[in-house]
Amino acid sequence: MRKAAAVILALAFAAALAADFTAPYSYAEQFRDIPDAAASRPHPLGTDALGRDRLSRLLYGARLSLLFAPAAALISVALALLLAGAAAIAAPWCERAVTAAADLCLSLPWIFLLLAARAALPLNTGVWVSALVTFGLLGMLGWAAPSRVMTAALKCFLDSDFVLMAHASGCTRVRLALVQLAPNLVPLAAAQFLIATPTYLLAEANLGLLGLGIPEPLPSWGSLLRDLESLPAAVAHPWAFVPAVLLILVVGCFHIVIPADEYHI
Amino acid sequence: VKYAAALSRRLVLLAVVLLAGGLAGASLVRFAPGFGTDERMLDARLNRQSMDALAASHSEGSNIAAYYWRYLGRLCRGDLGVSNSLSRPVSELLRERAAVTARSVGAGLALAWPAALAIALALEGIRRKWCEAAAASLAGALLCVPAAVIVIACFDVGGSPALAVAAILFPRIYRYGRSLLRQSGGAAHVLAAHAFGERRLRVLGWHIVAPAAPELLAVAGASVSMAVGAAVPVEVLSDSPGLGQLMWFAAQARDLPVIVNLTLLIAAVTAIANLAAEAPRIAREARA
Chain A
1 MRKAAAVILA LAFAAALAAD FTAPYSYAEQ FRDIPDAAAS RPHPLGTDAL
51 GRDRLSRLLY GARLSLLFAP AAALISVALA LLLAGAAAIA APWCERAVTA
101 AADLCLSLPW IFLLLAARAA LPLNTGVWVS ALVTFGLLGM LGWAAPSRVM
151 TAALKCFLDS DFVLMAHASG CTRVRLALVQ LAPNLVPLAA AQFLIATPTY
201 LLAEANLGLL GLGIPEPLPS WGSLLRDLES LPAAVAHPWA FVPAVLLILV
251 VGCFHIVIPA DEYHI
Chain B
266 VKYAAALSRR LVLLAVVLLA GGLAGASLVR FAPGFGTDER MLDARLNRQS
316 MDALAASHSE GSNIAAYYWR YLGRLCRGDL GVSNSLSRPV SELLRERAAV
366 TARSVGAGLA LAWPAALAIA LALEGIRRKW CEAAAASLAG ALLCVPAAVI
416 VIACFDVGGS PALAVAAILF PRIYRYGRSL LRQSGGAAHV LAAHAFGERR
466 LRVLGWHIVA PAAPELLAVA GASVSMAVGA AVPVEVLSDS PGLGQLMWFA
516 AQARDLPVIV NLTLLIAAVT AIANLAAEAP RIAREARA
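Order-wise, the sequence lines are chains A and B. 1 is the number of the first residue of the first sequence in this note's numbering; add one for each residue after it. 266 is the number of the first residue of the second sequence in this note's numbering; add one for each residue after it.
Simulated from the structure, these hints should not be mistaken for laboratory data. Just so it is clear, CB atoms sit at the ideal spot from N, CA and C, and this is done for glycine as well. You may find that some hints are simply not true.
Here are the computed distance ranges between Cβ atoms for each label pair [to be verified]:
no., chain 1, residue 1, chain 2, residue 2, range
1, B, 482, A, 91, 26 to 34 angstroms
2, A, 165, B, 551, 35 to 43 angstroms
3, A, 71, B, 371, 34 to 42 angstroms
4, B, 452, A, 232, 45 to 53 angstroms
5, A, 232, B, 471, 33 to 41 angstroms
6, A, 186, B, 471, 21 to 29 angstroms
With the C-beta cut set under 8 angstroms, the calculated list includes, among others, these residues of chain A facing chain B [claimed, not checked]:
no., residue
7, 99
8, 103
9, 111
10, 112
11, 115
12, 210
13, 229
14, 231
15, 238
16, 242
17, 245
18, 252
19, 255
So these bits of chain B aren't anywhere near chain A, every CB distance computed over 12 angstroms [to be verified]:
no., residue
20, 273
21, 317
22, 393
23, 396
24, 427
25, 495
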């Protein structure tokens, strides 16, 4: 099951990354004489209300989401590692401060902060800057959960025999961090990265449906889902469901790929 | 005495967290690149004086520390300021809309918790692998669907905002609850109770649910925060006049007074819910 999920993810990433070659048209190209067209040979998923090819927009949208969501997850994990390291190694007050900040971040519904910060962008912000800021904010707000897990793991490692042995052998702090602790943290960081990526894919989709995601004409999974706002109309054009199905499939595959014991409460 | 001391420490921490939360919300908006931008400034019909007046109307929040200090002073007197975009006192807006959100969030929690717990308990009782797999697949599938899509689907089948909140919360509560009950059910004393021939219901109630109760209560506290977060897409997509919709409007209009007050209110609600959920654990630790 995990292998199949990994293959599906690899295929989705490959198709999305090669969008320049796999997409039949540009994401912004409009066929103004055939808006809302049904699926046909030149347009396998039909066209949207502005006459843009849905398949091309899906492939370019997938590329944006599948590149930026992992990047945001990397930001979260890097921030979490940094703060967990500070909390575990520095003075106890530092750990208390990081824990309190993580508690605050976890107790606040992130969507409130995200809405506030995302909507406070200038009116004339470019689409790529807006996309970068959206995912950047997601990455910066999502550090708390991985930081908690990593702080606990780091404290465990610091109390373990191999670290005691390293200390006794005269290992410097830098060497201890780089040679002894970092390799042990890599699998944990990888799991947290895999947990964060689908979360950010879903967060972007939610923001897109609320009209605060990636701005037009740049496609993303969130903006493509806006066709579902009017569900009866979408039922009449079943190909409008394809982005949602693909998003659910990719997020599901991420959940399957993550080892079950990496879900921490 | 120990309990009172532990509780008061938590209350002080809560106050600090609230103040920090409010300041963080205000700072996030103040330092966002578009702060002070007003859509009306794009109106070519406005002359220089009107533009200056619009810019001046946004200048109050330019010094974030001064703004927050003045805000706290006014808050002590019960004055939450006036909304820039809706030109109405913020306290009035919050009072009107809090009831709508409280109703949908409360009803959503009241629907999701019994459903999730009932399924988790039933599975712990019957212990059939295929039932477990079916429930896990359903919860997993729901977790893969964006909350906003769940909301649209709920409204399409004639569901209420409360049902939409419950549909978003159910898989999360089920997953946490089931995981806790499974952990609790795998303990050695449960095996011993089964071996001694205790009745299933008694084992479930006394040996599985009771030890997991403090953690379940902590999840209940966290689920309030999830429910308030779920209220945003629910209220925006259903045009329901609650706090979630107000936050969405305020965010689009860059309305700092509403954003700061709402952030503080939401932080207070979630922090108090978490504190209430942790109170039994604090009491147990104090006794120990």
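Check: Does the claim that residue 393 (chain B) lies outside the interface with chain A hold up, using a Cβ gap greater than 12 angstroms?
Finding: holds (19 angstroms)
Check: Can we keep the residue 99 (chain A) interface hint, with Cβ of chain B closer than 8 angstroms?
Finding: Hint violated; residue 99 (chain A) Cβ to chain B Cβ min 10 angstroms, cut 8 angstroms.
Notebook entry, point to check: Against chain B, is residue 242 (chain A) within 8 angstroms by beta-carbon distance?
Noted result: Because about 13 angstroms separates residue 242 (chain A) from the closest Cβ in chain B, which is outside the 8 angstroms limit, the hint is violated.
Next item on the list: Decide, holds or violated, for the assertion that all CB atoms of chain A are farther than 12 angstroms from the CB of residue 317 (chain B).
Entry: The assertion about residue 317 (chain B) holds, with a minimum of 19 angstroms to chain A.
Notebook entry, point to check: Are residue 103 (chain A) and chain B close enough, Cβ to Cβ, to be under 8 angstroms, as the hint says?
Noted result: holds (7 angstroms)
Next item on the list: Tell me if residue 231 (chain A) is really an interface residue toward chain B, meaning its C-beta lies closer than 8 angstroms to one of theirs.
Entry: holds (4 angstroms)
Next item on the list: Using 8 angstroms as the Cβ threshold, decide whether residue 111 (chain A) counts as touching chain B.
Entry: Since chain B brings a Cβ to about 5 angstroms from residue 111 (chain A), closer than 8 angstroms, the hint holds.
Item checked: Outside-interface status for residue 273 (chain B) - nearest CB in chain A farther than 12 angstroms -> About 16 angstroms separates residue 273 (chain B) from the closest Cβ of chain A, which puts it past 12 angstroms; holds.
Note to self: The hint says 26 to 34 angstroms between residue 482 (chain B) and residue 91 (chain A); measuring C-beta to C-beta, is that right?
What the structure shows: holds (32 angstroms)
Notebook entry, point to check: Is the distance from the Cβ of residue 186 (chain A) to the Cβ of residue 471 (chain B) consistent with 21 to 29 angstroms?
Noted result: violated (43 angstroms)
Next item on the list: Grab the minimum C-beta distance from residue 245 (chain A) to chain B and call the hint holds if it beats 8 angstroms, violated otherwise.
Entry: Interface hint status for residue 245 (chain A): violated (10 angstroms vs cutoff 8 angstroms).
Margin query: If we take the beta carbon of residue 427 (chain B), is the closest beta carbon in chain A still more than 12 angstroms away?
Written below: holds (17 angstroms)
Consistency with the previously given hints fails for numbers 5, 6, 7, 15, 16, 17 and 25, ordered from lowest to highest.
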